[in-house]
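Undergrad: Here the protein sequences come in this chain order: A and B.
In terms of this note's numbering, the first sequence is residues 1 to 563.
In terms of this note's numbering, the second sequence is residues 564 to 750.
The set of hints was computed from the structure by calculation and includes no laboratory data.
Be aware that a few hints might be false.
To be verified - Derived, one-sided and incomplete: chain B residues facing chain A with beta-carbon distance under 8 Å:
1. Pro618
2. Val638
3. Cys640
4. Tyr641
5. Met642
6. Thr645
7. Pro658
8. Glu667
9. Lys668
Cβ coordinates follow ideal geometry from the N, Cα and C atoms, glycine included.
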Amino acid sequence: MPTVYVNDKPVEIGTGRLNCIQAADKAGVFVPHYCYHEALSVVASCRMCLVEVGERKPDGTVVMQPKVVPGCQTPVKDGTVVVTGEYDRRDPAVEALNYPADYTRGGKPGERAKKSQADTLEGLLVNHPLDCPVCDKAGECKLQDYSYGYGRSESRMVDEKFAPPNKPHLSSKITLFTDRCIMCTRCVRFTREISGTAELLVTGRGDHEEIDVFPGRPLENKLSGNVVDLCPVGALGSKDFLYKQRVWYLKAAEQVCSRCSTGCAVYVDHNKDIVYRLTARENPQANGHFICDEGRWGYHFANSGERLTRPQVKREGRFQPAPWVQLTPLLKDELAAAANGGGLVAVLSPFLTVEEAFLYATLFKGLSADARLVLGPVPVVGEDDKYPKDVRGNPAEPTTFVIRAEKCPNRRGVGAVLTHFAGRVTPFAEVVREKAAVLWFAGGYPAKEQVEAAFPTDWVASGTVIAQDILPTLLTASAKYVIPATASFEKEGTFVNHAGLAQTFGRATRPPQEARGELQLAFDLLGRRGLVQAAAVRKELAAAIPLFAPLAGEVTRYGVELT
Amino acid sequence: MPLAESDVRWVGEPKLGFWEQLYLPAVVDGLKTTVGHLFGPKRTEQYPEQEPKLPPNYRGVHRLNRDEAGRVKCVACYMCATACPAHCIDIVAAPAPPEWTDREKYPETFVIDELRCIYCGMCEEACPVDAIELTTLYDLTGLSREQMVFDKEKLLSVFDTTTGAGTDPVRTRAGRLSPSSEPPPAR
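With the sequences and hints as input, model every part of the structure.
TA: The following block contains the structure:
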C-alpha cells in the first residue's frame with residue numbers, strides 16, 4: 001500500500017491520485033487554500049497551501065526539497081513526506097521521521113511553510129480593504145479565517161490601498177466588489193470548466209488584475225450563482241442576498257432542493273423561520289458540488305405574502321377561516337361519505353415526501369378500496385439542460401451538471417408509493433375530466449402555473465374539492481375546503497430523485513402558525529394520536545414497501561440508492 | 564466535622580452603665596451632627612428645578628451621529644445589534660443611495676426599543692464607525708410603549724438636540740470604514 005507521511009504520521013493513500021492537500025486531509029491535517037477546489041482545475045496561484053515536501057527512501061533516510069511548494073499542485077506517491085505549517089501541533093505519539101541535519105537550517109520542521117503562509121496572507125491583505133463590517137461575507141470569509149489562524153496581527157502597509165471601482169453590471173444577479181478580490185480565479189475557472197460559458201476573465205496585470213466580463217456579454221448562465229459560493233472572500237455577492245442578513249445570524253439546515261428531479265443537496269440558510277438563501281451542499285451521487293440558479297433563487301415562494309396560511313371553509317360562497325378542531329371532523333365526514341358512495345379521488349403531487357404520500361395513500365385506501373389514487377400534475381419545462389456548454393451553447397461531453405426538465409423533486413418516490421397501493425401510476429390528465437364526489441388535491445406546488453396548466457380552461461368542479469396548496473390557484477378558488485400546504489423547507493422526509501437516489505432531510509423553518517404539515521394532517525385523519533415523527537413513518541414505509549426497505553436504518557447524508 | 568465546644572465563643576449583650584442607661588450622651592451626640600449640618604455647605608439638589616450635571620460617560624438615551632454632510636454615519640453592519648444583550652436594536656440594511664459615493668450600505672430603518680434596553684453601552688463599544696453613542700439624557704418619558712420605540716429619525720433628532728444644547732459634544736474620532744479604518748503604523 002502506498003504510504004505518505006504527513007507531519008510524521010503515515011497515511012495510506014490507496015490507489016487514488018491525490019495532491020498534498022488531499023493526502024493531508026486523509027491524515028486529519030488541514031492545509032489552508034483559496035484557489036484550489038476539488039471540482040476545478042489546479043492553478044496554484046494563491047500560494048496559501050505552501051508545504052515542505054520530501055521523500056522517505058526505503059532504507060528510512062529522508063530527503064527534503066530545499067524550497068516550499070504549493071500543496072495543491074504537488075502530487076504524492078509512495079514515500080512522500082509532507083510537512084505543513086502545523087508541524088508543531090502534530091500528534092506527539094507518532095515517532096518523528098529521520099530528517100536530514102541540513103534540512104531545517106537551525107529552525108524546526110514546518111517553520112518555513114508557516115512563515116510562507118503568513119507572508120502570503122500579508123501580500124493578499126496589501127490591497128484588500130478592511131471593510132468587514134459592511135461586507136456580506138464577514139463571518140464565513142476564508143480571508144478572515146486564515147488571517148486569524150495563520151496570519152500576522154498587524155499590517156505593515158503604509159501606502160494607500162488600491163481600490164478599483166465596483167462592477168454591479170457584471171450580471172443581473174451578481175455584483176463584483178472588485179477591491180475585495182484576491183485573484184484566486186475560482187470563478188473564472190468555474191465558467192470555463194463547469195458551465196462552459198466562459199463569461200468571466202482576468203484583465204490587467206499585477207496589482208491591476210481584475211475579474212471582468214467581455215463587453216456586452218454579462219455573466220448570465222443558469223449556474224452563475226455558484227461563483228458566489230466559490231468566492232472565498234466577499235468579492236462576488238449575490239444581489240438577492242445582498243445586505244439581507246449577517247451570516248452569523250443564519251442557521252444552515254441540510255436539505256434537498258425541490259425545484260427539479262436532480263434532487264441537489266443544499267444548505268437552507270434561515271433565521272427566525274424565514275429562508276434567506278440556499279447554498280450548494282456536496283453530494284457526489286446527486287449534484288456534485290454545485291446547484292443551479294433556479295433552485296438557488298427559487299425559495300421566494302415560501303416567503304410569499306400571497307401564501308395560504310390558514311385552513312378555510314367555503315360557506316355560502318365565501319371563504320371563512322376554520323380552526324383545525326372543527327375542520328378535522330368535517331374532513332373525516334366528507335371522506336367517509338365519499339368512500340361509502342364511491343367516487344373518492346385523491347391526487348398526490350410529486351412535491352410530497354415519500355412519507356406523506358405513504359400516509360395519505362394508507363388513509364384513502366383504508367377508507368375505501370375503490371378510492372382512486374392519482375399522481376398530481378408533473379411540471380415539465382423544455383428538455384434537460386446539460387452542462388458544460390461549448391462556445392455555441394450546445395452541451396459538450398462529458399456532462400458534469402444537468403438541470404432536469406421535470407420540475408418536481410419526488411415523482412419517482414410518490415410513483416412508487418402509488419404503484420404499491422393502486423397497482424399503477426395514474427397520471428392526472430386521465431382523471432381531470434372524471435366526475436368525483438370528493439377530490440382531495442394534495443398539492444404543495446411552488447408556482448401557480450404548475451397547477452393551473454394541468455386543468456383545461458373550461459374545467460368545473462364536479463363535486464367537493466379539498467385543495468391543499470401553498471399559493472391560491474384556480475383550484476383553491478373552486479374548492480370547498482382550502483388547506484395550507486407546507487414548502488419543502490418546512491417538511492422533513494425523503495425525496496427520490498430521477499435516478500432513484502433517496503435522500504432524507506430534516507426541517508429548516510416552521511410552517512405558518514396556523515398551517516399544519518401534510519404528514520401531521522394525514523396522521524390525524526388516520527385517527528392516530530399525538531405528534532407524527534417522520535422517522536417512524538419511514539420505518540413503517542420501509543416495512544410495507546420492499547422498494548423502500550433500504551430506508552429502514554439510518555440514511556447517510558449522501559442518501560441511498562433504491563433499486 | 565462536628566463543632567467542638569472549644570470552637571464556640573458565646574457573645575452576650577454589653578452591659579449598660581449608668582450614663583448609658585440615661586441615653587442623654589447619645590442624644591447630645593446625635594444633635595451635634597444635625598446642628599453641624601445646618602451650618603455646613605448645602606448639598607441638596609433641587610431637582611427638577613435644578614438639573615444635575617452628569618459626567619460625560621453617563622449612559623442615557625442613544626443617539627445616531629451624523630457625518631459632516633448631515634447623513635447618518637451608521638453603515639448598518641449589525642455589530643451593535645449583535646453585541647446587544649437585550650436584543651433591543653433592529654436594523655434593516657439596504658444598498659446606499661448612489662450619490663453616497665463613500666459607502667455601499669446604510670440603514671434603511673434603525674429602531675431601538677428604549678424600554679427593552681438596559682443601557683449597558685455595548686452598542687457604543689461595538690460600533691466600528693462611532694455612529695451610535697449614549698448621551699446624558701436620562702429623563703426619558705413617554706405615554707405609551709410605542710413612543711418609547713425610537714426610530715432612525717428620532718435617534719438623529721437626539722443627536723441634533725444634544726449637540727445643539729452642548730451637553731454631549733461629538734466625541735468620535737473615526738467615522739469611515741476602510742481604508743482609513745486601519746490606522747497607519749507609527750513610523
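Undergrad: Let me know if the C-beta of Met642(B) comes in closer than 8 Å to any C-beta of chain A, holds or violated.
TA: 6 Å, holds
Undergrad: Less than 8 Å between beta-carbons is the criterion; does Tyr641(B) satisfy it with respect to chain A?
TA: Holds. Min distance 5 Å.
Undergrad: Was the hint right that Lys668(B) lines chain A, CB cutoff 8 Å?
TA: Hint holds; Lys668(B) Cβ to chain A Cβ min 5 Å, cut 8 Å.
Undergrad: Tell me if Pro658(B) is really an interface residue toward chain A, meaning its C-beta lies closer than 8 Å to one of theirs.
TA: 6 Å, holds
Undergrad: Answer holds if the nearest beta-carbon of chain A is closer than 8 Å to that of Thr645(B); otherwise answer violated.
TA: This interface hint holds because 7 Å falls under the 8 Å limit.
Undergrad: Taking the least C-beta to C-beta distance, is Val638(B) closer than 8 Å to chain A?
TA: 5 Å, holds
Undergrad: Given Cys640(B) as an interface hint, is the shortest Cβ-Cβ distance to chain A below 8 Å?
TA: Cβ of Cys640(B) sits 3 Å from chain A, so the hint holds.
Undergrad: Go through the hint on Glu667(B) and say holds or violated, using the shortest Cβ distance to chain A against 8 Å.
TA: Constraint on Glu667(B) satisfied, holds at 6 Å.
Undergrad: Interface hint check: Pro618(B), Cβ to nearest Cβ on chain A, cutoff 8 Å. Holds or violated?
TA: 29 Å, violated
Of the hints listed earlier, the one the structure fails to meet is number 1.
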